[in-house]
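Peer 1: Kindly generate the complete structure, drawing on both the sequences and the hints.
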Amino acid sequence: MVENFLAGTSALFGDPFTVAIFVFGVVGGMLFGAIPGVSMLTLAAILLPFTADLEPAQGVMLFAVIYCTGTYGGAITAILFNIPGAPENAPTAFDGYPMTRKGQSGKAVGAAVLCSAIGGVASALVMMAATEPLANWAIRNIGPPEIFALVFFGLAVASSVGGRTIWKGWMSVLLGLLIATIGQDPVGGINRYNFGFTDLAAGIAFVPAILGFFAVSEIFVQAEKKATGQFDAPKVGMSFPTVLELWMHKFAVLRSILVGFFCGILPGIGATLAAFMGYGEAVRWSKNKEEFGKGKLEGVISSETANNAATGAAMIPLLALGLPGGALTAMMVAVFQMHDLEPGPLVFYNSPDLIWIVFAAMFYANLSILFIGLIETKTILYLLKIPFQFLAPLILLLATIGAYISRGLVLDVMVMFGAGILGFLLRRTGYSIPGIVLGLILGKIGEQNFAQGMQMVHYDLGTYFSRPICSILIVAGALTLAAGIYRAFSPASNSA
Amino acid sequence: MIETVVWSLIAIIFFGYTFEFNQPIEIYKFGATGWPRVIILLLLLVTAGNLYHHFKYGSAIQKGRVGIAETDESPTDYSNPATLAKIIAILFTPFLFAYLLKPVGMYSAAPFFIAAVIWLFGERRWKWIISITILIYAILLGLFVVTLNAPLPQGNVSPFYDFSGFILKMNTLLQQLW
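Going down the list, the sequences are from chains U and X. My numbering numbers the first residue of the first sequence as 1 and each following residue consecutively. My numbering numbers the first residue of the second sequence as 1 and each following residue consecutively.
If you are wondering where the hints come from, they were derived from the structure by calculation, not from laboratory data. Since we're looking at a predicted model, the values are computed, not measured. Each residue gets a CB set at the ideal place from its N, CA and C atoms; glycine is no exception. One thing to keep in mind: the hints can contain errors.
On the chain X side, residues computed to face chain U include the following (Cβ under 8 Å) [what the hints assert, rightly or not]: (1) Tyr28; (2) Pro36; (3) His53; (4) Lys86; (5) Phe144; (6) Ala150; (7) Pro153.
With a straight-line cut-off of 20 Å between C-alpha atoms, the simulated SDA-like cross-links for lysine to any residue are [to be verified]: (8) X:Lys102 <-> U:Asp199; (9) X:Lys86 <-> U:Ile421; (10) X:Lys102 <-> U:Arg407; (11) U:Lys225 <-> X:Leu120; (12) X:Lys29 <-> U:Gln452; (13) X:Lys29 <-> U:Tyr459; (14) U:Lys226 <-> X:Ile88; (15) X:Lys29 <-> U:Gly188; (16) X:Lys29 <-> U:Asp460; (17) X:Lys86 <-> U:Gln230; (18) U:Lys226 <-> X:Trp128; (19) X:Lys29 <-> U:Ile190; (20) X:Lys86 <-> U:Thr228; (21) U:Lys102 <-> U:Lys289; (22) U:Lys226 <-> X:Ala82; (23) U:Lys225 <-> X:Thr93; (24) U:Lys225 <-> X:Leu91; (25) X:Lys102 <-> U:Gly418; (26) X:Lys127 <-> X:Tyr137; (27) U:Lys226 <-> X:Trp126; (28) U:Lys226 <-> X:Gly122; (29) U:Lys226 <-> X:Ile87; (30) U:Lys385 <-> X:Leu135.
Peer 2: Right under this line is the structure:
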């Protein structure tokens, strides 16, 4: 492995043009991740046609690097403005933004930089060591029933975060699941709930909904505070987390690496569920659960470690099995195909050089997050000094473009502002925005895998429990729900 | 009580609509309605639970709940009608902007939207409103039109459509210079 890695490193840094592409990917991924309204996917989509002129290794490497640094870039706006750059950065905003409100933005961004780098590097190392065996294990043990069970467990955990009562947590998740049923059903392609709008046949897109629930609703909350004279400008904090603070969270980092890596291997799940699960597990294991959501460093550390830990893992099904885990890895399949290559087991034998250049590039891209991230952080923090009345229209306009640009539908802009108003009202009445968003994101994945799983086991639910991973996840989700039901009816949990 | 009525109405409306797509799927026993109907049933159950909780324990935060931001819970004084009017204006200005995107287009509507938001957020110095509007508009054009060539809504009503055409023509000329 070491020889291959060194060979990949020398191929990467031995050619000035390849180095230039690497640097472009690192900086571009961070920038596009950090600009509200656009994302690493926007950059990848723009660059896709140009990769035809590159060497296959350069093209695939560029996308892999953008994936690593773009996943980190979205954390910056999540922390500073409550605008997650991508769905996988949404949990980072839960505690990152309250930290900014408390004047601890430097600490939050510093932790995001460091933990993204740690999660990404750890993931890259495991990817290098174990892509082939892990892929073989995954193909034998992970199928639709396991993915459905993981979604069930993820939703059960999500309902315990954010709502004023467990009932409101559940209602939030169910609302998200209900919104996710809008559009074609994943099995028969039958239109559901399009209310006469043909554009709704494609469903509610995640990006407008997330921008609405987080960014637009936040603008409305701040506008309300301005109008009622309660506005308190966020304080700029330049102090970074100390080594001791980070060392105190070593178990959270380790746990999030494991959670992130496991989620990353699963096709279609990837970094988003990884971040939510990383956050959820941090809450579950914490002794001071009530501090989450109010600016707890561990919240930022857990979600940012987990989402970057998923990046290396997401390459495993892609490279070893030819299965893309998400939108960006699907674009990487297109890059392979442009060069008459097919990702899959044969790529390890036919193009080992390409594989090791990509592995080395991902390793160094994650290290770059640490150095470039720390250098740029202080500059970015000065954005907070811009008066909010000037920042708000810029954020709203960028969010509008971000919502419109992916599908070219004005309806998506309407959906975003509708989600903004809904988010504003639901936040005021104690519902959970993270719960709604996770329900929305996982709803379709859950339904699709449930349907496939049921067909697979001939509608015998008992077969689910004969699959070890599936039964563990279902039992864990059921226990989480049972604990919630107990608390819902227990006088001790409800006394003032 | 209002909450319960709203949630029940959502559940009833969504359940009613399931009959519009209640078609069998040959390869899948539960059809297109199975999944949404289970969600609706669960939503009704949880809504009833929420009502029970409200009557028994009130609307206080349950012990052990996590992730509730303090800013979401702060009480707000709406006794002044001007404050309420301002909030309503802030909530609906973006909708008006979104509605105008199709006929007017992004290039013509954006400057007015930017200026309106700055004004609604309390800025009253006209020099600042105009200069910040120009700056944000320049960022919009520089980043999304010149650099990314992003296809933004152009409008379909004259003279707004013509103005969008003019901006795009200028962009093409600029690109040719490179």
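Peer 1: A separate judgement is required for each hint: does it hold in the structure or not?
Peer 2: We went through each hint and held it up to the structure:
1. Residue-level restraint check for X:Tyr28 holds (minimum Cβ-Cβ distance to chain U is 4 Å; threshold 8 Å).
2. The criterion of a C-beta within 8 Å of any C-beta in chain U is met by X:Pro36, whose closest approach is roughly 4 Å, and the hint holds.
3. Nearest Cβ of chain U to the Cβ of X:His53: about 5 Å, under the 8 Å cut. The hint holds.
4. A hinted interface residue such as X:Lys86 counts as satisfied when its beta carbon comes closer than 8 Å to some beta carbon of chain U; here the least separation is about 4 Å, so the hint holds.
5. The criterion of a C-beta within 8 Å of any C-beta in chain U is met by X:Phe144, whose closest approach is roughly 6 Å, and the hint holds.
6. Because the beta carbon of X:Ala150 sits about 6 Å from the nearest beta carbon in chain U, less than 8 Å, this interface hint is met.
7. Proximity of X:Pro153 to chain U holds as hinted, the smallest CB-CB distance being about 6 Å (cut-off 8 Å).
8. Restraint check for X:Lys102 and U:Asp199: the C-alpha separation of about 14 Å stays at or below 20 Å, so the hint holds.
9. In summary, the hint linking X:Lys86 to U:Ile421 is supported, as the alpha carbons are separated by about 15 Å, within the 20 Å threshold.
10. In summary, the hint linking X:Lys102 to U:Arg407 is supported, as the alpha carbons are separated by about 14 Å, within the 20 Å threshold.
11. With a C-alpha separation of about 12 Å, the suggested pairing of U:Lys225 with X:Leu120 holds against the 20 Å cut-off.
12. Straight-line distance between C-alpha atoms of X:Lys29 and U:Gln452 comes to about 11 Å, which keeps the hinted pair within the 20 Å bound.
13. With a CA separation close to 8 Å, the supplied pair X:Lys29 and U:Tyr459 stays within the 20 Å bound.
14. Annotation: proposed proximity of U:Lys226 to X:Ile88 holds, straight-line Cα distance about 13 Å (limit 20 Å).
15. With a C-alpha separation of about 11 Å, the suggested pairing of X:Lys29 with U:Gly188 holds against the 20 Å cut-off.
16. Proximity of X:Lys29 to U:Asp460 is assessed by CA-CA distance (about 12 Å); at most 20 Å being required, the pair is judged to hold.
17. For the proposed pair X:Lys86 and U:Gln230, the alpha carbon gap of about 14 Å is at most 20 Å, so the pair holds.
18. With a CA separation close to 18 Å, the supplied pair U:Lys226 and X:Trp128 stays within the 20 Å bound.
19. A threshold of 20 Å between alpha carbons decides the hint, and for X:Lys29 with U:Ile190 the separation of about 14 Å falls inside it, so the pair holds.
20. The straight-line distance between the Cα atoms of X:Lys86 and U:Thr228 is roughly 10 Å, inside the 20 Å bound, and the hint therefore holds.
21. Between U:Lys102 and U:Lys289 the alpha-carbon distance is near 19 Å, which keeps this suggested pair within the 20 Å criterion.
22. Distance restraint check for U:Lys226 and X:Ala82: the Cα-Cα separation of roughly 13 Å lies within the 20 Å cut-off, and the hinted pair is therefore satisfied.
23. Distance check on the hinted pair: U:Lys225 and X:Thr93 sit about 17 Å apart at the alpha-carbon level, within 20 Å; holds.
24. Note on U:Lys225 and X:Leu91: the hinted pairing holds, with a Cα-Cα distance of about 13 Å set against a maximum of 20 Å.
25. Annotation: proposed proximity of X:Lys102 to U:Gly418 holds, straight-line Cα distance about 17 Å (limit 20 Å).
26. Note on X:Lys127 and X:Tyr137: the hinted pairing holds, with a Cα-Cα distance of about 15 Å set against a maximum of 20 Å.
27. The straight-line distance between the Cα atoms of U:Lys226 and X:Trp126 is roughly 19 Å, inside the 20 Å bound, and the hint therefore holds.
28. Note on U:Lys226 and X:Gly122: the hinted pairing holds, with a Cα-Cα distance of about 8 Å set against a maximum of 20 Å.
29. The suggested pairing of U:Lys226 with X:Ile87 holds, with an alpha-carbon distance near 10 Å, which does not exceed 20 Å.
30. For the given pair, U:Lys385 sits about 17 Å from X:Leu135 by alpha-carbon distance, which is consistent with the 20 Å threshold.
Checked against the numbered hints above, the structure violates none of them.
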